[in-house]
Amino acid sequence: MINSAGEQNVPVDRIAIGLFVAAMCLGPTLVCAQDGSLRNSIDREVRAAWEKEKLTPPPRSTDAVFLRRVNLDLVGMIPSYEEATTFLNDSDPQKREKLIDKLLADPRHARQQAQVWDLAMLGRKNKLVDGTVGYRNRGRFRVWLAKQFVANEPLDRIAAKILQAEEEGSQLFFAAHRDPDEMVNAVSRFFLATQIQCAKCHDHPYESWTQKDYHGLSGFFVRTMAVDVPGKPEITNQTGNLYLVGEKMVGEALFSLEEIDAKTKKKKTVPIKPKFLSGEELAEPEPPQDYVEPKLKAGELPPKPAFSRREKFIEWMIAKDNPFFAKAVANRVWAQFMGRGFVHPVDDFNSSNDPSLPELLKAIETELVAHKFDVKWLVREIVNSETYQASDLGAVADALPRFYERARIRPLTIEELTSSLHIAMGLGVEAALKTEPNQQMMQYLGEPTDGQGRFQGSLSEHLYLHNGEGFRAMCRPNKGNLPEKLVLGAEDWNEKVERMFLSVLSRPATSEERERFVQYLSVDAKDPKQTAQRMEDALWVLVSGSEFRFNR
Amino acid sequence: MNTNFQLGTCNAVQHLNRRSLMKGLLTTAGGLAVANWGALTHSQTIAAEAKRTGKRCIMLYMEGGVSQIDTFDMKPGRPTAGEFRPVQTKVPGIQVCEFLPNIARHADRLGIIRSMRTKTPDHGPGGYYMHTGYHPSERFPHPEAGAMIAKYCENPESDLPSFVKIGSGSGIYGAGYLGPQYEPLVVADDGKLPGFANPSVSPEIQGRRGELLSFMEQRFAESRSGDPFAAHRSAELRAIRLMRARQTFDVSAEWEKAKDRYGDSKFGRGCFTALKLVEAGVSFVEVSHGGHDTHMDNFPISKALYSIMDPAWGSLLEDLTQRGLLQDTLVVWTSEFGRTPAINNRGGRDHFGRAWTVVLAGGGIKGGQYYGSSDRDGFEVAENPVGEADYMATIYKIMGVDHRAKHFLGARPIWATPEDSKPIMELIR
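Those protein sequence lines, which keep their order, are chains C and V.
For the first sequence, the positions run 1 to 552 when the UniProt record's numbering is used.
For the second sequence, the positions run 1 to 429 when the UniProt record's numbering is used.
This is chain V alone, in the form it adopts within the complex:
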């Protein structure tokens, strides 16, 4: 891991790499669709610069705040228990809600953190915290986990973008100080690409136009080594590569067969698309599922939500296992916070950050265990509290990203996760 990547100051090696990269761009004659811009795709320097772990991450984000007490931290017999009943899984001691039969089958793969103690019960800052590990900053935006993982885990030779958000319901926090190179490509809730990813002209016109553009860019670049020009050209190339690889997002043929297992829903299709994307080498995919903000009628609404969430999540783990991808793919199930143990007078549960649950699977975590616990009625953490920063550090650690990687904003250092953050080593193999 390159722990000393300095964003604010470029060292000589980076300049050298950029320069040789430019050179590669200029001198390689092309037989590729985009003339000699293809040289960039196979640039030795880029490949050498990347420190890849080969790991990927899928984040299932339950937008609005999913209830911990009705899912993985049930309190049978207590006044806060609510209507749902727990069911014993094949792992002794692990119980999950009766309405989560699909994910229950994977209990031996799950690392269930029941002791999240987070700083805010507001959607806005909560979403920021749970995506970045940091408090929202006036002075600069922090990158969300997807951008950080894209930066350190991306495969530079892939035509696909390294960070994809399926649905934007959980918010777009973006690449922050890591820069637009790591901004997410945001696609629809069901994983379909926006219209403008489709070429607006025929491949023939696109190809000949691309050659003319390439001709102009090369002449221009010959005497101008400016970084912004190089950034402009490499973004152009990424766009062309995405257009070329856009079929990966088109899962319609296989979806016909998969939809019975995933559930014929947007979220189901989103999860299936995420599977196809990580299989194709995308480093980070977030799939959001909205509507978990159940201030009223928590039980009927949650039951309906779980009937969409559970088959998609369960089948995703199933397919990742089947394809041998699970060991390198971390699947995170999370929210901006949990929901109150107390049930309000509208039959709802409200925002709650004092003791709630997130669930990890795959990527090299030790499954079949709980980490931490809440007290008898679920109002406070009883043991091993986990804050947002520790949660983020755990994700980074699993992904092989140094959670204390240091970046620079001008002269000011900034770390991937805040000071004192610690990954939960008990969860990691």
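With the rest of the complex left out, here is chain C:
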């Protein structure tokens, strides 16, 4: 175990454990799954990369930066004033590790994981079903996902269940990608981290994927169908429908050859056997002779087939020796917390996209399999590493340093912004959980990237921050919120400013900041209207700046 306060001892421990792990890994049985060993492997490998690349090792993050980072990453919102002061005043050398355990056990952690997965799988402005994914419908999927994470279902099981699409609420991924081509693209990108879509129309120009590989994959999904059935309004999409997913008994992926058919004078079209990405064809029983699919009414699914191609695909995908899946999820979970994958972007493993730290990727992959895809274990190891806990300071301007030589910078999602704004204004966790991002936040702050995941602030975002009611209303003294408490409170201005900074930025103010804010707030102290206005201004400033906008 890393002792967070006993830093002087750490290198020695690390070397010792490192050697032990290395020795174990050399053995034929490959047992690297000692608890606490992965975090050390992470730090050892990353440190070696810094040396090799001649990079200055970053300092450790301050407690305040770590506190905010780990709260946002693990529970999707900043810590409250009370949580911040408790942590910052705690002198226990193990306090970071204790906080991590506490947050991992918090139900908000499962909710946060569900949001991350939902957004990664379905995007934010996906056209999806019925022209839109109504919030309710999406909510069902998130609730289902959160249930999986609460129960700490292994990642391979969660993946299997999403593709089986049988559990109540789990069907959205399939319902959203009904077309077999979309399914092939979505499954291979998300679960196999492989982009094969180019091979739909031509053999892949740079990779080995052929059109037959593509249409072979399509063969697993061509029989899948999704239907809408009426459901209770509180759990349905906006047209009042639920989605159910089934599979037909027959149906083939068709592929047009270059050959011309003598009869029709058109390109020959032939059925393609289902073929795994590893190159093997699916061995399947002959379809029943003369089988005719029953005529289905609207909203009706066919009977479950005796032989399910989709099941065979799932078995292949999550099998221990599958060369894609474990690597893909290991890289994805790493990227979730470290900002960039060893392979980046995370859904694009290919021959020209080399991993930054191949040995470490391999080690995480191997241990994740040894730990039976226990995602909470993996998250715990990552966030306990010194690498994750590195400082946010440094000369590197890149948001996502390739060798993790400084903490990554990521903008808060609008869900995180909404919740954090509630926490910052002292409205409590319940209010933070209850409030959904509003339509304007969705529109103006929803996807602030350049299309490749890099942040770019938009004009509209700032017009909204300045002139929209969303942020301003929250900062205005009102019904027991922090601004009101501060305006009415009897403490002196220094204490008020201190509380303000701890509530919003999870850190104490510097003496320069304290001075400036006290001066700003107290200039018209006798005029209640002015005081309220200045209080609103001061809080608005704190939530509008970079420090609040990003997790770093």
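In short, the hints are calculated from the structure, not lab data.
Keep in mind that the hints are not guaranteed to be accurate.
[Unchecked claim] Examples of chain V residues toward chain C, derived with CB under 10 Å:
1) Val91
2) Gly179
3) Phe196
4) Asp227
5) Ser234
The model shown is predicted, which means the values in this text are computed figures rather than measured ones.
Note that CB positions come from ideal geometry on N, CA and C, so glycine has one too.
For this one, chain C is given, so just place chain V on it according to the hints.
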């Protein structure tokens, strides 16, 4: 032109520029309204980085698909001709519809492409094609012409946004891989700014709040050089600059005098606002005019539409000429496609991409000419077919933007216009 701007990989020069830009932000003490953030406005590095051509573009987008046969490619005496009659302009050989008297006066300034052959007669993909030059992509969004032109032609010292859409009827395709910096500012059909561009607090409060924010940002930035922080701050600055420059959008005083000539319509006011915006240095303004999807009663509806479109378009060219702006301002008149030569049994014309017309003027094009033609009845292109990519390449060429400028998405190269696209050099001076 910087043809090797690599989006996916930042080279050392760009990092240096960003860094010095940040430095400028931090060290310049301010007397400006927004404290020392004003340093960014006058940053030498930004000005040096920009390769400006000084050109602007106004795109008049006839949403729904305007009819070529009833406007600039008339077929008198043929079964497809319809009810409208052509009128001879002052340019020998160029005839336009009798209901377009205003634009007809500018015939010597028009480059009329009668041979558009486009890939889709659907509004959705058609709009995407005619805004980007590309097929809609699953993998990444392409930037529309406005974003590309904003990127290469913008004036970084202007307080105004570089890409404005007046009315969103033609769709918002956005900046795609060029990023939110080049997203359009979308305003109402008549050119009025959305309410939230107006400061919600008094200038005094806004100013003092801005100073406090600036104080916090500076302290924060001192030890953090991250690009996202810089992007956040520069967007903040752009918002403040827009609020400062928002009066440019308020044309009400002058509009009173102009509305008789432009026509007292939203589109007329939109065109007049576009004039004021390019005059103030905005690089790209699109003004959309809806309702051209005339599947029934094509003739009465089109006549009514032209009565709104024609005075606005004609007066826009007039005023650009008067102010000496036309030579640097390209005015494009376009749609997502044209309309069928055959008239259907409801007196309408349907979607048609096989042989249709777009019209260019100004910006250095050779006016007073047709390019390409359709066959006798207008069903096919007879000579010089022009696809979406060539059309886009022509616009970029006129604007001084390398139509084959290469950008990178990760390791994958992507060009401003597709491979094999060619600008129509015959139209360019």
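Comparing the hints with the structure gives:
| no. | hint | in the structure |
| --- | --- | --- |
| 1 | Val91 | violated (42 Å) |
| 2 | Gly179 | holds (3 Å) |
| 3 | Phe196 | holds (4 Å) |
| 4 | Asp227 | holds (5 Å) |
| 5 | Ser234 | holds (7 Å) |
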